[in-house]
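There are 2 protein chains.
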Amino acid sequence: MTSYSQIIAHQRDTEALGKIMERLGWDQETMMPEGAANQRGAEMAALEGVLHARRTDPRLGEWLADAKAPDAMGARALELIARSYRRNIKVPADLAQKLAQVTSTAQGVWAAARASDDVAAFLPTLSQVIALRREEAACLAAGGDLYDALIDDYEPDTRAADLAAMFAAMRPRLLALRAAVLAAPAPTPLTGHFPREGQLALSRKMAEVFGYDFTRGRIDLAVHPFSSGGGDDSRITTRVAEADPFNCLYSTIHELGHSCYELAIDPAYNFTPLGRGVSMGVHESQSRIYENQIGRSAAFCDYLFGAMRDQFGPMNLKTPRDFARAVNRVHAGFIRTESDEVQYNLHVMMRFDLERALISGDLAPRDLEGAWNDRFAADFGVAVPRPSLGMLQDVHWSAGLFGYFPTYSLGNVYAGCLNAALRRDLPDLDGHLARGDVAPATGWLRERVQVHGGLRPARETIQNACGVAPSELPLLDYLEAKFKDLYDL
Amino acid sequence: MTSYSQIIAHQRDTEALGKIMERLGWDQETMMPEGAANQRGAEMAALEGVLHARRTDPRLGEWLADAKAPDAMGARALELIARSYRRNIKVPADLAQKLAQVTSTAQGVWAAARASDDVAAFLPTLSQVIALRREEAACLAAGGDLYDALIDDYEPDTRAADLAAMFAAMRPRLLALRAAVLAAPAPTPLTGHFPREGQLALSRKMAEVFGYDFTRGRIDLAVHPFSSGGGDDSRITTRVAEADPFNCLYSTIHELGHSCYELAIDPAYNFTPLGRGVSMGVHESQSRIYENQIGRSAAFCDYLFGAMRDQFGPMNLKTPRDFARAVNRVHAGFIRTESDEVQYNLHVMMRFDLERALISGDLAPRDLEGAWNDRFAADFGVAVPRPSLGMLQDVHWSAGLFGYFPTYSLGNVYAGCLNAALRRDLPDLDGHLARGDVAPATGWLRERVQVHGGLRPARETIQNACGVAPSELPLLDYLEAKFKDLYDL
Numbered sequence: 001m002t003s004y005s006q007i008i009a010h011q012r013d014t015e016a017l018g019k020i021m022e023r024l025g026w027d028q029e030t031m032m033p034e035g036a037a038n039q040r041g042a043e044m045a046a047l048e049g050v051l052h053a054r055r056t057d058p059r060l061g062e063w064l065a066d067a068k069a070p071d072a073m074g075a076r077a078l079e080l081i082a083r084s085y086r087r088n089i090k091v092p093a094d095l096a097q098k099l100a101q102v103t104s105t106a107q108g109v110w111a112a113a114r115a116s117d118d119v120a121a122f123l124p125t126l127s128q129v130i131a132l133r134r135e136e137a138a139c140l141a142a143g144g145d146l147y148d149a150l151i152d153d154y155e156p157d158t159r160a161a162d163l164a165a166m167f168a169a170m171r172p173r174l175l176a177l178r179a180a181v182l183a184a185p186a187p188t189p190l191t192g193h194f195p196r197e198g199q200l201a202l203s204r205k206m207a208e209v210f211g212y213d214f215t216r217g218r219i220d221l222a223v224h225p226f227s228s229g230g231g232d233d234s235r236i237t238t239r240v241a242e243a244d245p246f247n248c249l250y251s252t253i254h255e256l257g258h259s260c261y262e263l264a265i266d267p268a269y270n271f272t273p274l275g276r277g278v279s280m281g282v283h284e285s286q287s288r289i290y291e292n293q294i295g296r297s298a299a300f301c302d303y304l305f306g307a308m309r310d311q312f313g314p315m316n317l318k319t320p321r322d323f324a325r326a327v328n329r330v331h332a333g334f335i336r337t338e339s340d341e342v343q344y345n346l347h348v349m350m351r352f353d354l355e356r357a358l359i360s361g362d363l364a365p366r367d368l369e370g371a372w373n374d375r376f377a378a379d380f381g382v383a384v385p386r387p388s389l390g391m392l393q394d395v396h397w398s399a400g401l402f403g404y405f406p407t408y409s410l411g412n413v414y415a416g417c418l419n420a421a422l423r424r425d426l427p428d429l430d431g432h433l434a435r436g437d438v439a440p441a442t443g444w445l446r447e448r449v450q451v452h453g454g455l456r457p458a459r460e461t462i463q464n465a466c467g468v469a470p471s472e473l474p475l476l477d478y479l480e481a482k483f484k485d486l487y488d489l
Numbered sequence: 001m002t003s004y005s006q007i008i009a010h011q012r013d014t015e016a017l018g019k020i021m022e023r024l025g026w027d028q029e030t031m032m033p034e035g036a037a038n039q040r041g042a043e044m045a046a047l048e049g050v051l052h053a054r055r056t057d058p059r060l061g062e063w064l065a066d067a068k069a070p071d072a073m074g075a076r077a078l079e080l081i082a083r084s085y086r087r088n089i090k091v092p093a094d095l096a097q098k099l100a101q102v103t104s105t106a107q108g109v110w111a112a113a114r115a116s117d118d119v120a121a122f123l124p125t126l127s128q129v130i131a132l133r134r135e136e137a138a139c140l141a142a143g144g145d146l147y148d149a150l151i152d153d154y155e156p157d158t159r160a161a162d163l164a165a166m167f168a169a170m171r172p173r174l175l176a177l178r179a180a181v182l183a184a185p186a187p188t189p190l191t192g193h194f195p196r197e198g199q200l201a202l203s204r205k206m207a208e209v210f211g212y213d214f215t216r217g218r219i220d221l222a223v224h225p226f227s228s229g230g231g232d233d234s235r236i237t238t239r240v241a242e243a244d245p246f247n248c249l250y251s252t253i254h255e256l257g258h259s260c261y262e263l264a265i266d267p268a269y270n271f272t273p274l275g276r277g278v279s280m281g282v283h284e285s286q287s288r289i290y291e292n293q294i295g296r297s298a299a300f301c302d303y304l305f306g307a308m309r310d311q312f313g314p315m316n317l318k319t320p321r322d323f324a325r326a327v328n329r330v331h332a333g334f335i336r337t338e339s340d341e342v343q344y345n346l347h348v349m350m351r352f353d354l355e356r357a358l359i360s361g362d363l364a365p366r367d368l369e370g371a372w373n374d375r376f377a378a379d380f381g382v383a384v385p386r387p388s389l390g391m392l393q394d395v396h397w398s399a400g401l402f403g404y405f406p407t408y409s410l411g412n413v414y415a416g417c418l419n420a421a422l423r424r425d426l427p428d429l430d431g432h433l434a435r436g437d438v439a440p441a442t443g444w445l446r447e448r449v450q451v452h453g454g455l456r457p458a459r460e461t462i463q464n465a466c467g468v469a470p471s472e473l474p475l476l477d478y479l480e481a482k483f484k485d486l487y488d489l
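These protein sequence lines map, in sequence, to chains V and D.
The letter at position 268 of the first sequence is residue 268 when you use our numbering, and the numbering goes up by one with no holes.
The letter at position 65 of the second sequence is residue 65 when you use our numbering, and the numbering goes up by one with no holes.
If you're looking for bench data, these hints aren't it; they were derived computationally from the structure.
Built from N, CA and C at the ideal position, the CB exists for glycine as well.
The reader is advised that the hints may include incorrect statements.
[Said to hold, decoys possible] A partial selection of chain V residues facing chain D, derived with a Cβ cut-off under 10 Å:
#1 R23
#2 W26
#3 G35
#4 N38
#5 Q39
#6 A45
#7 G49
#8 R54
#9 T215
#10 D220
[Unchecked claim] In silico DMTMM-like links for lysine to aspartate or glutamate, alpha-carbon gap of 20 Å or less:
#11 V/K482 - V/D428
#12 D/K318 - D/D485
#13 V/K98 - D/D13
#14 D/K484 - D/D340
#15 D/K98 - D/E48
#16 D/K98 - V/D13
Chain V extracted, bound-state conformation:
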């Protein structure tokens, strides 16, 4: 065997074991009996140990030193494997293990602290997580920027300074749009009782509408919606609130975007690092464009208005336009995940600035609550009434996910780029969407983005799909046009 084929064979099993890890995570959130939690922790730790040993196997280093790729796909695979290898050998095994241990218990501490609105109960754990991630970042950065080193795990080749510049360009236009929208008459919200079975039936219908392949996936209930797995097995979860069918419906469409991406990747890439979504930002671009630019478009709302009425009978909203206004309702609120297209990125920017300061050391964990509340008041104009609506609302930091938040906004920006290109290429798209026919849009995304998996770096993936370099401008133009229309601004 050549060094190249040794690497590919080694990676094949590593990828297979990684898929098992995802499946265990899915089982944990959907099927696992509650009493099995500790045992599952030990199982996953054992598998993580195997994965870590494989990813840092010294033979990989030797093989990589003289491997010759036979083609472009092979060259990209080698590049991604080498990147992972170099990243993983920089972190001492005991630090990696400590981080895994601490973050796994930190999530329980965070959940309890959030439930009792008790920042003090979370601070020691948060400080420990931050200290360990800073230590890890120092290993990875080798003198460079610590936060950049962390972003790299989620969005390779992306620098905090570039993200900061992008956010600075977005911020004034988003704040202005937010102010204008909130000053306008508020749309009537959807009210009523929407039985669980009907919501789940409509979710399944959306899965069919968006082309989800049920022979390679399934939908289950979980506390938090997520997508899990790839290749020939990508599953999603959803949740139901009987007073708010949009929660179930749009989180389903969002997760469909993630899973459809994974399922559409060229099967030739399966069991290689090309066989997964290329970055968190590109992944989020797919879930967001399914959810927002397609699913929350006025045209698709025309169709959905009818589908909802068919499923649940007459609603308090009597016209498709009123329905679209309710779907896209912008409202003052504290919680990122319940936010809307206009305000969402403001939530992200705030977390980006705060976590960057936490990692650089400019902000001490004990000062986070004050910094959060000051910033929230400045950006959103209201005081945070309690920490569960403030700095305790997100799980991410307890899980050690520093550098992850900005990928949500990057996903929105990429979705904006893709939407502009999609509508340039398919000028009659709204006609299709109004009939519930999303196939032209999902087909375009499949061919332009999804099928390529990790073949190209993230920005290049978007540029290749759109024909122009990614920028925040299409997203901002889209948001202003959409909300000016919906709010008669």
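With chain V held as given, fit chain D onto it using these hints.
Just chain D now, kept in the frame of chain V:
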């Protein structure tokens, strides 16, 4: 770290990874989308590779050479780990891999052959599986009996000659009982339509009655009922035939026996080789005593008669005794899994003799069908009409499971021993069973058998529970007494 603690730490992760393998198998049969089958095969093969490498890790050999156990539990753990290590290093890796590959595809070939009643389509594959298992047995036996070497995987310390002597002692009494029962007037079978939801509700009720811990398990539907996993996560499956509620009910109670055993094992043994049922025979003794000596007893049938009537309304059977006769109905039939307590062991003995001859080489695969049909006619008095009711009925041989069948009868024999001791210790047990109170019986089994897991070898486990050495006599006495009463012989 001492050699002993190195071994225990190594084994802990091996056990954890083994639990993951079981969970993947469960997912495959219950939740996995059909299109994921090939991918799952690759995932399980990768994990099997990891497990094989761990079980044959040369460091294990070094550690074992000078490990000192601190206590009896540690000594038994070392013994079981050493046994597994010595077994696995005897088989060349390429042979183990070939066997895994061939048996994984052989099951599909067998299923297709059974569906089309085509023995010829299965013979080449069967021959290959037998040849590979013989090759493996030759590695393991080191000059000893090939079939003994195979039994050892399922029932350690058990020799075919001893099983043959036991079967020879059982056979005439079973044949005589069978003849007497079939000559007596046949009981009226249960007839009617028993809706799926009601059967599943009654299954869950049985799980509660038998003390299944739903915080550490769950019940799902699958094509074949099975139990999966241990420690704090042991799940069962069942199936529903709306014309035959006993299928669902008794396969549920059977699998509950397996899972309750696993869940009852001393938690201190979890992640060691003591933390699993000690042998297939002892495992089957738990499922069989739950299903038969408890679940099919006349006393429990009193209770179940009422529970069935509560669930489904009046039945064609009007008295608890008629109901118990229907539950225990002995009928001419070709299929082992649909058999009854009287005839079941005759099915097993036949397979034992045939597979022993296949492994020794005395019987060529091409002569198996004739040998099967001759033996069936001799033992059961009827001609096999087609191979799906004959030699193609069981999955076992396609899966390479030679040496497994006799553990079913050993389980029945052990269940007979345990039942005799249980009724000696709890003379008023029937009064409890008639009220649906199985706790005295399951509590006795838990304390006497289940909690000990793999602490003692199989026969010693049963002897320790009963106070006397295992023998086939209690089972035979029990069967004769039970069926003489039910059939008014």
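Here's how the hints hold up against the structure:
Given the 10 Å rule on beta carbons, the hint for V/R23 holds: about 7 Å separates it from the nearest Cβ of chain D. The beta carbon of V/W26 is positioned within 10 Å of a beta carbon in chain D (closest approach about 9 Å), and the interface hint is therefore held. For V/G35, the shortest C-beta to C-beta distance to chain D is roughly 4 Å, which falls under 10 Å, so the interface hint holds. The closest approach between the C-beta of V/N38 and any C-beta of chain D is roughly 7 Å, which is under the 10 Å cut-off, so the hint is satisfied.
At about 4 Å, the closest approach between the beta carbon of V/Q39 and any beta carbon in chain D falls short of 10 Å, and the interface hint on this residue holds. With a least beta-carbon distance of about 7 Å to chain D, the hint placing V/A45 at the interface is held under the 10 Å criterion. Of the supplied interface hints, the one on V/G49 holds, with its beta-carbon coming within about 6 Å of a beta-carbon of chain D, less than 10 Å. Residue-level restraint check for V/R54 holds (minimum Cβ-Cβ distance to chain D is 9 Å; threshold 10 Å).
At a threshold of 10 Å, the smallest CB-CB gap from V/T215 to chain D is about 4 Å, leaving the interface hint in force. The interface hint given for V/D220 holds, since its Cβ lies 8 Å from the closest Cβ of chain D, which is under the 10 Å cut-off. Note on V/K482 and V/D428: the hinted pairing holds, with a Cα-Cα distance of about 17 Å set against a maximum of 20 Å. Using a Cα cut-off of 20 Å, the hinted pair D/K318 and D/D485 holds, with the two alpha carbons roughly 19 Å apart.
The suggested pairing of V/K98 with D/D13 holds, with an alpha-carbon distance near 17 Å, which does not exceed 20 Å. Simply put, D/K484 and D/D340 have alpha-carbon atoms about 15 Å apart, close enough for the 20 Å limit, and the pair holds. Between D/K98 and D/E48 the CA atoms are separated by roughly 13 Å; this keeps the pair inside 20 Å, and the hint holds. As the CA atoms of D/K98 and V/D13 are separated by approximately 17 Å, the hinted pair is consistent with the 20 Å bound.
Comparing the model with each numbered hint stated earlier shows that all of them hold.
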